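Protein sequence lines, in the order shown, are assigned to chains A and B.
Anchor point for the first sequence: position 41 equals 41 in the UniProt record's numbering, and the numbering is continuous, going up by one each time.
Anchor point for the second sequence: position 4 equals 4 in the UniProt record's numbering, and the numbering is continuous, going up by one each time.
Keep in mind the hints are simulated off the structure, nothing from the lab.
As the structure is a computational prediction, the values presented were derived from the model and not from experiment.
Don't be surprised by glycine CBs; every beta carbon is placed ideally from N, CA and C.
Hints are supplied without guarantee of correctness; some may be wrong.
[Unchecked claim] Taking beta-carbon pairs under 10 Å as the criterion, some of the chain A residues facing chain B (in silico): (1) L18; (2) I20; (3) E29; (4) L32; (5) D61; (6) L97; (7) P100.
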Amino acid sequence: MSEEHTSGTSTPSPAEMLAITERQQQRAERALDINPGLLFGVWGAAWVLGFGELYLTIGDDPVLLVPLWQALGIFFGCLGVAGFITVWHLASSLRGLRGPTQKSGAMHGWSWTLGFVGLGALIAATSRMGISDDVYAMLWASGSGLLVGVLYLSGGALTGSWTQYGVGLWILAINAAGAFTGIPNHYLVMSLAGGGGFLVAGTVLTLRARAKPSPSHERLPGEPE
Amino acid sequence: MNPADVRLDPVIHAQARLRVMTTLAALPTEDRIAFGRLRELLDMTPGNLITHLRKLDEAGYTDSTKTGPGRGTTYVYLTEAGRTAFDQYMRQLRALLEPVTDEGDS
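With the hints as extra help, turn the sequences into a complete structure.
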């Protein structure tokens, strides 16, 4: 009996009950769901700024004169901020949850980390054979593009998301084409087409989420009172 | 038609328990949520939530299991029976409000 007084004086009408469940569902989804629009937006901004800055500061005839270590510091700073926001968002959405979704999410997260560790090892081994700075830079840029593209393909395939799959295809395509423009031009391709592509995907997903019909209002007039 | 004609599941048909069921149903099947996080999403006091969960557990709609050593954490999830009951409840609720069923309103 102690529980009944907390659930209102008497049982609400069906219309009210429907409004209650829809409101709670919205609240739960907002708190629990991962927001892909936000993540695409954050990484899009990081790529546009980071690769854009590399393009402007690196090369034989750079637009901006900045020491290499500073240019790389800014670049990794951009990626670091995006990474931090991603981890923070995932951690707050998934807090207190256990089960198959969390497990596959964690496995997917680790495949990004392991992929980049593997890429780093491959490039380190290659650089021991004696390669120029441009080749080194190209391996990092296009290798990362390849890895990112493939991971989006597999993420999209497993979740049945055409948006993610499409982003994967797009990144693979612009990375393959951009690589032929050489360093530093490939940075510009990664910035505008790569980062820009993420921003487009993020905008599309955000608009689609907004367009989702907000429930609970139309049905109320039918109440029997 | 008269709402009294349809018997809504009394276990679910109470504001607090409906909100608990709604929140659990928002999780993918087989995923569990920690008691504390569930409480945050519902703005309920621990004692209140425990009372309602006990009722839902007894009906077989939810499962609350303690995991981990020591005091551990309680994780709650919606059982298959719970999901079925919730879906049916929602269908009935919508049917009650659907004006499409003839014009037997008067």
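Hints versus structure:
1. L18: holds (5 Å)
2. I20: holds (6 Å)
3. E29: Hint holds; E29(A) Cβ to chain B Cβ min 6 Å, cut 10 Å.
4. L32: holds (6 Å)
5. D61: With a minimum Cβ separation of about 53 Å from chain B (threshold 10 Å), the hint on D61(A) is violated.
6. L97: Hint on L97(A): holds, closest Cβ of chain B at ~6 Å, below 10 Å.
7. P100: holds (5 Å)
Hint compliance for this structure: hint 5 is the single one not met.
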